[in-house]
Amino acid sequence: MSLISALLRGVEAKLAEVGGKRVRSIRLAVGLLSGAEPDLLESAFAVLSEGTACEGAQLMIRRPPVRVRCGACGAEVELLELSLRCPKCNGFDLELEGGDELFIEEMEVEFGEPQHPGVREDPEGQ
Amino acid sequence: MESRSIPVYEKILKANDYVARQNRQLFEASGVTVVGLLGAPGSGKTSLLERTLEHFTRNGLRAAVLVGDLATARDAQRLARFDAKAVQLTTGGACHLEAQQVHEALAEINLADLDYLFIENVGNLVCPAAYYLGEHVRVVILSVAEGDDKVAKYPTIMRSAQALVLNKIDLLDWLDFDERRIREDVHALNPGLRILRLSCRTGTGIEDWIEYLEQVRGRTNRA
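Chains as they are written, first to last, in the numbering used here: chain A, 1 to 126; chain B, 1 to 223.
One or more hints might be untrue.
Stated by the list, open to error - If we take Cβ atoms under 10 Å as the criterion, some of the chain A residues that face chain B in the derived model are:
#1 10
#2 44
#3 48
#4 67
#5 96
What the hints assert, rightly or not - Using 27 Å as the maximum straight-line C-alpha spacing, the simulated DSS-like pairs for lysine-lysine come out as follows:
#6 A/14 <-> B/11
#7 B/153 <-> B/11
#8 A/88 <-> B/11
#9 B/85 <-> A/21
#10 A/14 <-> B/14
#11 A/21 <-> B/11
Said to hold, decoys possible - Just the calculated beta-carbon pair ranges, DEER-fashion:
#12 B/210 <-> A/13: 43 to 49 Å
#13 A/98 <-> B/179: 56 to 62 Å
#14 B/81 <-> A/90: 51 to 57 Å
#15 B/62 <-> A/90: 25 to 31 Å
#16 B/80 <-> A/75: 53 to 59 Å
No lab work stands behind these hints: they were computed from the structure. Just so you know, these numbers come straight off a predicted model, no measurement behind them. Note that beta-carbon positions come from the ideal geometry of N, C-alpha and C, so glycine has one too.
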């Protein structure tokens with residue numbers, strides 16, 4: 001839940017920064033080792049985005065695998081879970097290169113109708 | 001309607017990390033050593049603090065404690081008998097502390113008067129891992145009654161910590177707890193993780209824990 005509140009705050013700040021109106025989709029990278037669960041993120045997003053500029057936006061969650069580099073044999077391997085030994089040489093000296101990401105990668109923003117001064121009716125003006 | 005893709009590439013917890021770094025600067029500026037304590041409910045976080053504060057009170061060391069709890073002030077009450085300020089942070093149901101809560105609580109504490117500040121997180125081995133608070137070291141407490149598979153099962157938090165306290169070792173004779181398994185998993189996940197064995201009930205190993213705290217203080221003060 002609080003990951004999603006942090007996400008919404010981050011996305012809304014970005015939306016204001018680029019002058020957008022609504023968010024159509026958000027792409028996240030949630031690594032297999034990050035400790036976050038996509039299903040839970042999605043249900044929290046559905047609840048918390050209600051009434052915000054993100055309401056109805058599509059949440060796309062990419063799940064980068066665990067990437068390790070073996071300090072002994074130099075192999076770079078992708079794993080589906082954190083293995084404790086290098087699958088190539090069985091060594092222990094693994095360095096984590098990826099899989100713990102919790103990133104907002106990209107968002108698709110709607111900007112509303114292009115503004116044409118003078119063409120639009122403005123009830124307040126004139 | 002016009003729409004465009006905007007590249008972001010920001011950490012979701014960017015704001016938390018930012019406040020955590022501010023906390024850290026405050027800690028550095030006032031020369032206080034800050035220890036984050038994490039562990040499952042019942043692993044012995046508060047008991048370890050009781051033992052620690054007993055020692056500190058006897059030896060004239062000054063400490064304060066921030067205690068995260070879902071809804072009650074019980075942990076802070078347990079610690080109130082010591083000569084150390086305890087501030088309860090009630091998270092209102094949230095399963096972890098965030099840097100901002102710690103930041104606000106610091107207003108109630110005079111950091112410059114302290115040797116140590118302990119931040120006891122909510123009992124949980126998952127969510128607190130992602131929320132850095134600004135602490136100098138992170139200590140995970142695992143009671144041996146929880147089982148010898150817990151290091152492998154919670155890799156994220158184990159990787160984020162600097163020390164692992166194995167508590168309740170007085171119970172080892174009654175459990176099928178294979179300490180070798182813990183050591184192997186630690187070796188594979190986070191070889192630098194310091195393992196400390198103790199029992200808060202009997203007091204065994206508490207002096208090693210105190211010595212560890214002194215080492216951490218030595219390192220943080222050198223800067």
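Hint check: residue 85 of chain B vs residue 21 of chain A, CA-CA at most 27 Å. Holds or violated?
Outside the cut-off at roughly 48 Å; violated.
Taking only the CA atoms, is the gap from residue 88 of chain A to residue 11 of chain B under or equal to 27 Å?
Violated, because 32 Å separates the two Cα atoms, which is more than 27 Å.
Return holds or violated for the Cβ distance of residue 210 of chain B and residue 13 of chain A against the range 43 to 49 Å.
For residue 210 of chain B and residue 13 of chain A the Cβ distance comes to about 44 Å; the hint holds.
Hint check: 10 Å Cβ-Cβ cutoff, residue 10 of chain A to chain B
holds (6 Å)
Minimum Cβ distance from residue 96 of chain A to chain B below 10 Å?
holds (7 Å)
Hint check: residue 21 of chain A vs residue 11 of chain B, CA-CA at most 27 Å. Holds or violated?
holds (22 Å)
Minimum beta-carbon distance criterion (10 Å), residue 48 of chain A to chain B
Violated - the Cβ of residue 48 of chain A stays beyond 10 Å from chain B, reaching only about 13 Å at its closest.
Using the C-beta atoms of residue 98 of chain A and residue 179 of chain B, is the stated range 56 to 62 Å upheld?
violated (31 Å)
Is 53 to 59 Å respected by the C-beta to C-beta distance linking residue 80 of chain B and residue 75 of chain A?
holds (54 Å)
Going by Cβ atoms only, is residue 67 of chain A closer than 10 Å to chain B?
violated (14 Å)
Does residue 11 of chain B lie within 27 Å of residue 153 of chain B when you go C-alpha to C-alpha?
holds (24 Å)
Hint check: residue 14 of chain A vs residue 11 of chain B, CA-CA at most 27 Å. Holds or violated?
holds (13 Å)
The structure shown violates the earlier hints numbered 2, 3, 4, 8, 9, 13, 15.
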